[in-house]
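Protein chains in written order, with my numbering: chain V, 973 to 1578; chain E, 671 to 868.
Derived lysine-lysine pairs resembling DSS-like cross-links, with alpha carbons at most 30 Å apart: (1) E:863 <-> V:1367; (2) V:1501 <-> E:852; (3) V:1456 <-> V:1562; (4) E:852 <-> V:1456; (5) V:1387 <-> E:698; (6) E:852 <-> V:1367; (7) V:1393 <-> E:698; (8) E:863 <-> V:1487; (9) E:852 <-> V:1449; (10) V:1387 <-> E:863; (11) E:863 <-> V:1456; (12) E:863 <-> V:1449; (13) V:1355 <-> V:1316; (14) V:1451 <-> E:863; (15) E:863 <-> V:1393.
Here are some, though not all, of the chain V residues that point toward chain E, as calculated from beta-carbon distances under 7 Å: (16) 1368; (17) 1369; (18) 1372; (19) 1374; (20) 1407; (21) 1471; (22) 1472.
Beta-carbon label-pair distances, calculated as ranges: (23) E:739 <-> V:1446: 36 to 46 Å; (24) V:1312 <-> E:713: 39 to 49 Å; (25) E:807 <-> V:1357: 39 to 49 Å; (26) E:756 <-> V:1451: 26 to 36 Å; (27) V:1558 <-> E:865: 36 to 46 Å.
Hints listed in this document are in silico derivations from the structure and should not be mistaken for laboratory results.
Note that the coordinates shown come from a computational prediction; the quantities given were computed from them, not determined experimentally.
Using N, Cα and C, we set each Cβ at its ideal position, and we do this for glycine too.
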Amino acid sequence: MLRLRLLYGLLTVVLLLWGVGGAALLLMKDSSEQYSSRLAEDYQLIDAAQSCRTITATLNSHYLPSLAAPTVEKIPDRARYDELKKELLGNLQIIRMGTREDRRSEDVALRFSQAVQIYFGGYENYFNQQDMRQDERAELLRFMSIQTQRLTDLSENILTVGEKTLFSGAERLEKEAGKNILFIATLVILGTTVAALIYYQLVRHLVDPVSGLTQSIEEIRRGNYELSLPMPGRGSEFTAVATAFNDMASELKVHRRQTNEHLLRTNLVNRAILEAIPSPVYVLGDDTKVIQMNPAAEDLSDKLGIIGRIPLKIQRILDDCRENDSHFLPEDPREALLFRIQEKEYYYLPRIFRFESENESGESGWAILLHNVSRIRWLDDMKTNLIATVSHEIKTPLTGIRMVLHLLLEERATKLDEMQKTMVNSANEDCERLLTTLNSLLDLSRAESGTTHLSRHNTSLHERVESAARTFSGMAKNKDVTIKVEPQLSGAPEVYIDPVRLDEVLNNLVSNAIKHSPQGGTVSLVISKPEADFLRVTVIDDGPGVPEAAQSRIFERFYRAPGQDLDGVGLGLFISREIMRAHEGRIGLKERSENHTEFYIDVPIA
Amino acid sequence: MPQASRRLLVVDDEPTLRLGFSYALTNKTTNVQTASSGRQALEMTAANHFDVLILDLRMPDIDGLGVLQSLRNMGHQTPIVLCSAALNAAAATQAILCGVVDFLHKPICPAELRGVVEFILHPARNAYAQAMAAARQGDFAEALRLLPPHRPPGSSLEAWSEIFTILLNRHHAGEIFLLEQKVRQNLNILAFKVTGPV
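With the rest of the complex left out, here is chain E (with noise of 0.2 Å):
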């Protein structure tokens, strides 16, 4: 039985890419729309209900921070998926503080678009793909106790674990310091990869 249709929104002020990333992303369950800049996807979600948001950061009038803002701001909880060629720590942080825990670095490949928006649409029975819904619902409790106990040093797992530990037990800003400082030791593994956590 054909699935409900799910809607996207890709948001990037570069027309190719916006091309691209729709004919990647467009099959017989979904339905995608673009948006060129972050006042129009703000004007978009308003209108419409999206299942998920590709988000670049870097846009001319509102970049992707202030979309996200905006939106959770509205009470929009549309999980989101960040993707930026200048994604840094500060606004990885900023993210995550806002209930978003999925990362591309471009350049990117279709496959991990694919990958990435199957992920948030369709959690594997795993326990990291279990975790990471968990997060996106922003209970990061629920999220810690679901991460698979294996967590070798220097992994992704153990990056989340630590990061969602500081989540849970964020008292006041000067944790927000900490925090930036492990996104930032750990920037490049907490992005999506295809082959799973790493």
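One chain only, chain V, in its complex shape (with noise of 0.2 Å):
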């Protein structure tokens, strides 16, 4: 259709150029041909009137010297004069129908011819008289002169109007001329108004259509999809364009809609679960401001008085994952933090999850939830403090059986029999035991509860080991092994540590190391700094080594590697380990080889 359009434009635009031209090619050849015709015309009478002269002229000299002469012989032959005479009125003929527009020329014209047949007259006259006498030639003559002086005077008038005729002639051409320059011009603003017409056509049916398209894809890509294109006309080339574009447009509308209500239920959804969750949950942006929070997190924000925020606290370990872009996802319950809300303690365990979606769209942030553990804490505390106080309570009389069972076994005042010293005997060994289990329940206790109220100052690591080296040196002599404190390292920054907590670690690592050593071995203490945060203190001894499958155990309470036969309850790493981890330290096996066993503590530098 548009192509159809374009061709009928541009064919009115070649044929009005094709009009244009041929018209005035035409009137070109019209203007060249009536100007010839016209100059051959008006020339025409001028070469009559100029050839009567010349005829006048011959006849007169070939015959009048005749009538001068004083005699005459003999009538010169008249041949001549008839040939003349025809050719002369052949020429007045001409004149005649060249004069014939003109009432003052054909006036001319017909005074010329009268003149003419005077003249031609005059003559006759002189051929018709073959003996003429002299005064009667005279008089012809001068008759004939007369004439010829007219007929002369004559054709001069006549050359005048032919002139003059030729002039009007060319006047006439030029207005006639004039005439062609105005048909072409009006010609040439037909063609320029058709083409505007045409370019106006065009941008209507092309041009327009086209921005039209762009305007509802704008449109679009703003989010507007109820808008539809306008169908152009029947057979239109952008019929296709924007059937295919309201297809699409609808097709988005629909795909929104579908995702509008997926969105809408998975937002419910969201919604319903994080209501659910009793736990304060805050879900925040990269730059850790609150996008969404849970009813319950608004009502510990309310309580707190920091509406519309997350608590300081949260917001300081947020800020140190930020730093190292690291989840924060604590299990133990005493990583718990406090909150006190309206008198009352409560304790809540932050987890701090980093979100990243995982295409292009770079949406993150945080997920933090606060879960509250202050029933487990309480629950905790509770059974710390039960096992303190039970401790407690059975070591106070303990302590008085001990007393006199070690003065009975003592004998100053009475001998016991051998059966009574045997029982006495076992009862003191049952005693020792039981105390034994009731200072490591204490212990246990202790680590539980004590190591948040660490008294920690810079210390140097290296007095430390030699103190814990100090310590058991009896214990060692007494099993035949050596403790050897590798020299200072050089330059070793001091630790920042509860010394008499960190003492409880050396103590209990080398008096393991101890216990485990075989007669004659060697237990070797070393500070080494494997990282810029921590020093490290090795403790090898060349013992059995610990059983594979007991190694992911020993650090948990009461657990003893089987087929151990030595003392303790195995508490010793447990507290270890919960003293370090109070230091925010480390504690670990790294087990080497066969009879070569190696404990390890990284102690934070200061």
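Quick one: dock chain against chain with the hints and give me the complex.
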């Protein structure tokens, strides 16, 4: 359709071009023909007038001298006269034809024609009177010369008339040419107008739909899917485009509705889940601004008087997480944070999770779940307190019993018989074992409740290691074990610790190492610096090592490796781990080979 | 010639322990009495003179520290042995500030009990025993002077010398914190050992 319009438009322009060109050519040809014909006509008149004069002159010069002569022997032959007369009459005919259009010139031609008749009458006279007298001849001669003069004058007039006609013809031609220019100019203007019309038509049918399409695409880009393109007329090339576009828009609309519904559903589900979670949940953007929080979180923030924000303590941990780009997912309720709400203490274990969308959209942020562990903490504290209280309550009478048993065994006042002695000894041993267990339980409760109250200061780690070696020098000597402390690491920094608690850890490790060392073995204590933030103490013994199955469990409470017949209730390493954890340090086992056990602790540098 | 009778008071809420203690300590030269509570102990000390008190910390009415404070407030400079299963740094620091330098960690055996009483009543001629005797009188400068010059690192001698130094240079309350820290670090070695200072 558009192609056809384009063709028609251009065809019109081409036709106009041809029309203008053809018209110009025709007009040019016509005017040149007119000009040449007019010229020829007018010139014929002048030529005829001239020729008339020439003919009269020829006639006169041929025949009249005989009139002037004194005697006439013979009248010249009139054959020439007839020939010339015929010619002159022909010319006369031409003159009459040429002067037809103008009354005045016709009149001149008439008079010329009469003069010619008179002139020829003179010659007829001449030929008819063979024997004229001299005076008659002179008279005729005079008459002829007068007539000739008259003819000359009249031809002069005709010449003038001819010239005049010539000029007026040129003027007319000029007028004609002016008309032609006007005609061509009109044609050109018409052509221009048609071209302009075609241009507007083309714009309307070609450019407008394209710009309309562009606008619609822009609208859709802005999210206005409701829009549709108006259908162009039948047969337009844009029909297909508009149809495709409208289809696309409606599909997008459907798609968006589906997406919206899906989003709405997901949102509802999420909201329901969030609302169902009793723990406060905050969802934060990358800039840690709160995007969403569940009712529990709103409640908590309200009660803490920080509406719409996360508690400062959490913010600090979050800042750490952001710095390290890591999650914070503690398991131990003892890492919970304390919040005071209306005079009551609540413990919340913060779990901070970083989320990032998998696609390119770059959506990321943080989710914070505050797990209320107040109850767990309370139960844990209760348990610890119970253990401590019960242990103390058992320990107190036990010290009395032990005292009495010892006194009996002293046999100061009375001697015991063998049976009695055996029984009292057995009772004493039970008593000792019970006391050891109670002490371990007390240590445990102390480790669980007391590790949060560290009294940390900057200390030389080497000094602590030396001290531990000194403490166990006696025990080592009894077992013929050598304790070797590696020389101090040059330039080793101080560590930030609670010396009493760290001593407990070191003592535990050294005493374990001695216990598991074979007779005559060596226990080595080495300080190294594996990382920028930690100093490491490695305790190495050449005992049989930790059985593989037990390795993962030795730090559990009350765990004792199978086949161990040594004393202890399996709390030493657990307490050590608790102490190291409270120090933000580490404890671990690094067994390199059989008969070679390595325990290490990483102690934070001051 | 028989020595003059020494009067000892055992204060403990545990009957078997009172029984054992008095049995262990009673001999020709000693007269042992017992009190089952802090209140009773104060009543008895108000009525009679005692040469040494064996004092438990945890008691139902007035605890060991309370008894100690009351006695010192009343001007009694009686040597006191703090004997407890629950001796902690804070209590020990308070005790040291009241001039108590003898500690026993329960459970104890009779030898330790007899040893500490002997150590107080008949201090040996050695520098350590004399220094502790001076400290018991509240004369920390003399105690510091008397301590043997050789104090190996990590020994109780070194710990005591540091504690005495802090006590002598104590000008403000903040120093108590320092003292408590020192005590906490050395709580185990500060206790009386039959074998002598460690």
